[in-house]
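Colleague: Listed below, chain by chain, are the residues.
Protein chains: 2
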Amino acid sequence: MSASTRHFEHVAVVGHFAIGGVREGQGPLGPIFDHIWRDDLAGERTWEAAEGKMAVQAVEGAAHGAGWQLGDVDVVVGGDLLDQLVSTNFAARQHQQPTLGVFAACASFAEAVGLAGLWCEGGSARAVAGAWSHHLAVERQFRFPIEFGYQRTPTASWTATAAGALAVTPGSGRVQLRAFTVGRVVDPGSTDPMDMGTAMAPAAWDSLQRHLRAVDGDWGQYDRVFTGDLGVVGSAILCDLAHDDTFSRVHDDCGRSLYRPDQDVHNGGSGTGCVAAVVAGHIVPRIEAGDWRRVLVAATGALFSPTSYQQGESIPAVAHVIELQAGRS
Amino acid sequence: MSASTRHFEHVAVVGHFAIGGVREGQGPLGPIFDHIWRDDLAGERTWEAAEGKMAVQAVEGAAHGAGWQLGDVDVVVGGDLLDQLVSTNFAARQHQQPTLGVFAACASFAEAVGLAGLWCEGGSARAVAGAWSHHLAVERQFRFPIEFGYQRTPTASWTATAAGALAVTPGSGRVQLRAFTVGRVVDPGSTDPMDMGTAMAPAAWDSLQRHLRAVDGDWGQYDRVFTGDLGVVGSAILCDLAHDDTFSRVHDDCGRSLYRPDQDVHNGGSGTGCVAAVVAGHIVPRIEAGDWRRVLVAATGALFSPTSYQQGESIPAVAHVIELQAGRS
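Protein chains in written order, with our numbering: chain D, 1 to 329; chain R, 1 to 329.
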């Protein structure tokens, strides 16, 4: 096994919590998410503070789902898209549990879950891993002020107002975290910040191939292989790169799962909270229910900043992979 | 032991590399750093790209110091202060080793080293952990354009142009990584972005106390207890909080170590690269040389962003702690 992949013998996912904003509540997964916000400010003064509130709710929800009190959580691992991870860190100021901030753009959730697994393996810890994003906080930071009302291009994704968190601990449960592969940064030279799918598909394929080799698997062993938020455009590119009928059959994408096509989201959902909410609110429950036995999640992140973009840099990307499997209990 | 502290039985620090910019080269540690830049742009087109170059040099240097080729590194764990960690991620695009990005502001280095230890413990991995900052890239992002030439206040720290990285692997060496405590976010209500020492001192004290309890230690067992970059102001506050002569005797601060008082840096050095360079270029070599046997490093980070500051938020802080000890070999 590659030393860039960690295999976990004994790490269970024992709690999960998914939150959606107003638009996400109207999507196909809205009815099964744990909590839907009725308005996207949620009583806060700023969009950024609302994102932080969502982070606290997700961490608390996952802990409670595991039967823990918030104070029982030894380590929170979390990430978001805002500069200096302010929603993760301001949430940590409130929940007061020791916190590790991670950043891999929209791949942060898989990094957080993998590190939570690493923390728990062989120990006695209780960890919560999560990620969150707020459409209105993220868009005004990365692209244009919302009030500007700019025309979105056909390849643009919709940054989700969503959060998801998993509670992870050593032991056996209905869902096991089985492996974690750390991604390499891959840059296909894409320069369009309105087309993340094209920028991220090669990184997804690089990490998925490396993970498959590391676990000595084949695509047919998986019930589903989810990418984070390649959307319609990036998923088509990924399947072209894979050029494998079995892969195309099992592949699905969290960004495509979060909204209906008629919700005007163009390429699909994106944002750190998108893959987090789909994993916590859809994938883990489906494994718990016995519908799926073995699922890969390759969370994908575009690693540009407004500064790097304005300096003429292309958009590098990364994908971190986690493998989930039905447990025996 | 608290489950927010991980104890490592068998993780060695086998390589280290410290880089300083022009001003850092003129400081007291300049002569012992591995590499000093002659100009702060280092042939790059932007300050941000220069910071990325420093990251690549630090990762390569630590790997080579361990006797590894760059391609032997299984995982790089790194962090910086720039939005979306662009220097860490653009460096990863170049060095092509699997990379985990972390963010805890100037506490990122200790988080990176702790996670590298976690990755290595019980495995066969080769990890490099590092952090880097560039004065001119960071200052224009967080405060004012450099060209504005604003007057720095007496409590302001000087963001270092510096980088440091450690190579970590399972086994025994001259320096062992012994423990890692994850910090809580502590907010004393400070609102002055020109006074990081006041904002961060309570977080440092919180994490140091929690670490000491977790390892069942006392301050007298340590040759040095370094904080990251509390500087003159924050160190005085910390020693007031500790109210313990033994602590005050063993306490030192990386931010105070990097420059001479006559270098006009006011409170001392700061920035993700400051503690990283001081640990990699000064602390680890002193342990290797047998001068010190047991050293704590509490890297401290102020978790504000320009957005949170402009929205009227106070400045929360965190400190992550790593414990280094002389090995037997």
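Hint data in this document are derived by calculation from the structure and do not stem from the laboratory. All figures in this text were calculated on a predicted structure; none of them were measured in a lab. Heads up, some of the hints might be wrong.
[To be verified] Stretch-level coverage of chain D by chain R, calculated; a stretch enters the list once three of its residues show a Cβ under 8 Å from a Cβ in chain R:
id, region
1, 13-20
2, 101-111
3, 184-197
4, 227-233
5, 295-308
[Stated by the list, open to error] Short derived list, chain D residues pointing at chain R, Cβ under 8 Å:
id, residue
6, H64
7, G71
8, V75
9, L82
10, Q311
Positions of the beta carbon are idealized from the N, C-alpha and C atoms, including for glycine.
Colleague: Could you run down the list of hints and mark each one as holding or not?
Modeller: Status of each hint after checking the structure:
no.: 1; hint: 13-20; verdict: violated (count 0)
no.: 2; hint: 101-111; verdict: holds (count 6)
no.: 3; hint: 184-197; verdict: holds (count 4)
no.: 4; hint: 227-233; verdict: violated (count 0)
no.: 5; hint: 295-308; verdict: holds (count 6)
no.: 6; hint: H64; verdict: violated, 19 Å
no.: 7; hint: G71; verdict: violated, 12 Å
no.: 8; hint: V75; verdict: holds, 5 Å
no.: 9; hint: L82; verdict: holds, 7 Å
no.: 10; hint: Q311; verdict: holds, 5 Å
The structure does not agree with the numbered hints 1, 4, 6 and 7 stated previously, though it agrees with the rest.
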